[in-house]
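Line order of the protein sequences matches chains H and V. Under this note's numbering, think of the first position of the first sequence as 37, with each following residue one higher. Under this note's numbering, think of the first position of the second sequence as 12, with each following residue one higher.
Careful: at least some of the hints might be erroneous.
[To be verified] A few chain V residues that face chain H, going by a derived Cβ cut-off under 8 Å, partial list only:
#1 184
#2 248
#3 251
#4 255
[As the list claims (entries may be wrong)] Short, incomplete list of chain V residues facing chain H, as computed with Cβ under 7 Å:
#5 181
#6 186
#7 239
#8 241
Don't read these hints as lab results, they were simulated from the structure. Owing to the predicted nature of the structure, the values given are computational and were not obtained by experimental measurement. All C-beta atoms in this analysis are idealised placements derived from N, C-alpha and C, irrespective of residue type, glycine included.
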Amino acid sequence: MLRTAALVLVLGLVSGCGPREPVRVGFLGGLSGRVADLGESGRNGAQIAVEEVNRAGGIGGRQVELIVRDDAQNPEKAISAINDLIGVRVEAIVGPMTSAMAEVVLPIAEKANVVLVSPTVTARHFFGRDDNLFLIMSSTREEAALSAEYHFAQSGVRRVVAIHDTKNRAYTESWLRDFTVEFQGRGGDVVPIAFASGPDVDITAVVRGALARQPDAVLLITSALDAARFAQRFREIDTRVLLFAAQWASTERLIELGGNAVEGMVLHSYFDRDSTAPGLRRLRQAYVQRFMREPDFAGVAAYDATHAVLDGLARRQGEQSLREALLTGGPFTGAEDGLTFDRNGDSRRVPHIMVVRDGQFVTVR
Amino acid sequence: MSLPGPSTAPQTLHSPGAPREWRLRSSLMVLLVIATVGTFGLVGFGVLAYRVPIILEQDRQHVRAEAIELAHNFEQLIDALEGRLAVLTALSPEMPPAQIQRFLDVAVAEGGLKAIYVVGEQGRVVHAAASESTRNAWQNLLGADLSRNPLYSSARKLGRRVWSDRYLSPLNGEGTVGLAIPFGDHVLLGELAPNFAHDAIRNSTEQLDYPVLVVDRAGEYVVGQNVAEGDRLRNWAADLRAAPIKPEGEIREMSFAGAPYDTGIVLSHKLEWIFMVANPAGHANPRVRVTFLMVLFGFVTSLLLAVVLAPFWASPMTGALSDLIAQTRALTSGKVGRKVMRGPIQEFNQLAADMESMAEAIRQRQTELERSEERLVQTLQTLQSLNVELESRVEQRTVDLARANRELSAAMETLKMAQGELVRSEKLAALGNLVGGVAHELNTPIGNGVMAVSTVYDHVREYRRRMESGLWRPTLEAFVDRVERGSEIAVRNLQRANELLASFKQVAIDQASAQRRQFMLSEVVDEILLTLQPTFKRTPFKLRCRIPGDLTMDSYPGPLGQVLTNLLTNSLHHGFEGRASGQVDITAERQDDGRVCLEVTDDGMGIAPDMLDRIFDPFVTSKLGRGGNGLGLHIVWNTVTGVLGGTISVDSKPDRGTRFRIIVPVVAPSQLSAD
């Protein structure tokens, strides 16, 4: 009754000041379409980091609100999504999750002076640039170099067919170039085959084209969905050829969709799934409880990226911008390790090599 | 002649503290507006206070019912789909693949399903049918290994039908919902068409203006309507898992796109999805808003009606009243009013009638008043002439009085001169007494001296005669002896005379000069008494004097002696008249306050009480015309209060005597010399 009376009194009046404005942090990733797995993992990791900080009292007593937007891996959609986030005055944006989208949104972020902290962008030309894009992973070069070295030396591979997705050209071409330089430098041979990911791609034709080059191994610079589908097709025709893939494919989706076809596939990741770091164990526990699945590299990286943003906001001094706080305020909380940015906003991670065994990723190096 | 009436202009003076004055028209309008607005405001508030909670509660129950219905419809539709898929499980693997494919294509074409796969024992897709995708898409799928697909795995493991949460389609990687039905070694996988869920929502919920959404077990959005992108992309698990959802559904206040909504929440047990139907909470609720607007409309309409109608209502009243006021003013300024206009208000008509009779009464009274005024003017004229006469008379009298006053002043001057003459003659009389006293006192010693010397002279002549006849020794011795005795007597008497003269000389100096000096009171009194001796000597009255020998004063002995002399003379001449005996006591003592109290008491006949009050006034005497000039005691009073700076009082009873008490300071105030 009292509530009603108050309601009636307030009715039609301009509402007064409510609780303190939350600190808004944006998340931008592909949450629909063919690479939704990456975006979803990233969102989940970011969500857990935000909830951790809110449980600990927020930032300066203000709660943090994560505002999620979907870029759908579509440039137009990505532009409207980032403008949307800038419109609600987010302090920073965690994302985007792919290099292709980073190319599209970075100029807008620069113009609006909003910091982007991307968990998963690794395309090499984003590194070593003094811009508003902060990177959690190392560039494709470290990963590709390790891969080239591993496969040339360990697996004895000399001739590689590299299938790469032109829909995420910024990433896949960076990877391909770094790998080619390194692998050819060692005396190997790399044959690139491009395709544009989509539901109607004639996978069989691509696979047959690749096998026609008689490679020792096939490199898949694709999403998990495409890697799984290629693997299925390869294994139908040829059970012998070695399959290995860039980090982009190293999500649970690969195993779900690839089934037995992805057994023995070699992958590269900046995330050590077998790490026993206590922070990672806690994150895993929270993640499984919350989302009923294991976190993948994107989830962990997004968790780290979000923590860096929130720690940076909390440590900001006086008139300092978040950008300066991120550049100088490290190390920030990371699941595996502390996280520090260099003067270009890049960070370093050690790449690992994993193999799929019995439907599980197993770190071999 | 006009009456000094009140000003005919309306009085609009506003003193600072005075309440504001209103025009009747404004007052009536305000009354009407306040009454209308107040009533409607109260009624409106009541309506809102009564209706709003009911509406909100109805809507809360409504969204819960909607959510239940949505869940129910969803389950029914899902059941139907399940049924359609279940039919396909009757297919035998031995059938020709083309035939199986035909069945699958027909099932997909029926709608609701986007794709159907038959997964073989190795987890490989053996048959697939998809609705809108190209040949490549399902070609890609055929033979695909789904052994690790979570939906397939759980269906195999559980051996029953399983509905997925939102999962990514193996066909194109997009999020969808799938159903797995195991049969034999195979599993039939069906994926819901994307618009199926939307259609289901559209069909089962009547209003589509507010958020309706379905989330899966993991809190992920499955399908919804009117859901903002942020709400679609977020994970709802934390909001929904905070408390378990009641089996009959419940209502929670949840936030969609930052705004609060009353949300009906139902958990479907079959799908384990959560169905939410939202309706704006509080004042954002459309029905509450409509109610409020209706009340507001009524309120504003009544306010406008009141404002518009009030002048019409007020005008007949103010018209009648204005006419009344005009008539009153006319009456006030002495004009005879016409008939007052009659209006629709009974009281005003009554007032108009009373007003007219009052005007008549005033007219009559005014005529009378004018008549009595004329009389008054006549009386006033009479009074004025009388007044003029009186003034001239007073003037005459004033002149007479002034003259009499001048005459009196002259007489007064004469009297004062006479008084001075008298005082001087009194002093001369005192001097006469003094001289008499002196002569009398000196008479005896000088007489004795003369007699002694003449005796010696006789003896010398006798001796010279005898010497001629021989000088005998005895004769010589007798002669020397007689001469010695005679000389002795003569010397003694002459010395006595000399002393007396010294005393008189002092008195004379004192009285004549009125000099101030230090003296012993007893000595001065003795000297005075000495001068009075001849007066008292011939009477039977006695003087007794008791004055302490050490009483010294610094004052005026002459005036003091004059006072004593007058008082004693007064006792002698008035107190003892016709008496055979009497006594006068003179006493003096020093008082504690440093003043001297001198008393002169007689036991004579006293003073008549009727004279006692004015005994010190001049010319008051009991012997007027018989030798008293009535100035003695006046001089005494003057001297004591003036020169000596003291006070005098009298106490007397007839036949008992009189006592004068003089109290003077030991040291007299410094003063101009007395006359």
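Cross-check of the supplied hints:
1. With a cut of 8 Å, the hint placing residue 184/V at the interface with chain H holds, because the nearest CB-to-CB distance is about 4 Å.
2. Annotation: interface hint on residue 248/V holds; nearest CB of chain H at approximately 6 Å, less than 8 Å.
3. The interface hint given for residue 251/V is broken, as the beta carbon of that residue sits about 12 Å from the closest beta carbon of chain H, more than 8 Å.
4. Look at residue 255/V: its Cβ only gets to about 16 Å from chain H, farther than 8 Å, so that hint breaks.
5. With a least beta-carbon distance of about 5 Å to chain H, the hint placing residue 181/V at the interface is held under the 7 Å criterion.
6. At a threshold of 7 Å, the smallest CB-CB gap from residue 186/V to chain H is about 6 Å, leaving the interface hint in force.
7. Look at residue 239/V: its Cβ only gets to about 10 Å from chain H, farther than 7 Å, so that hint breaks.
8. Taking 7 Å as the C-beta contact cut-off toward chain H, the hint placing residue 241/V at the interface holds, the least distance being around 6 Å.
Comparing the model with each numbered hint stated earlier shows that hints 3, 4 and 7 do not hold.
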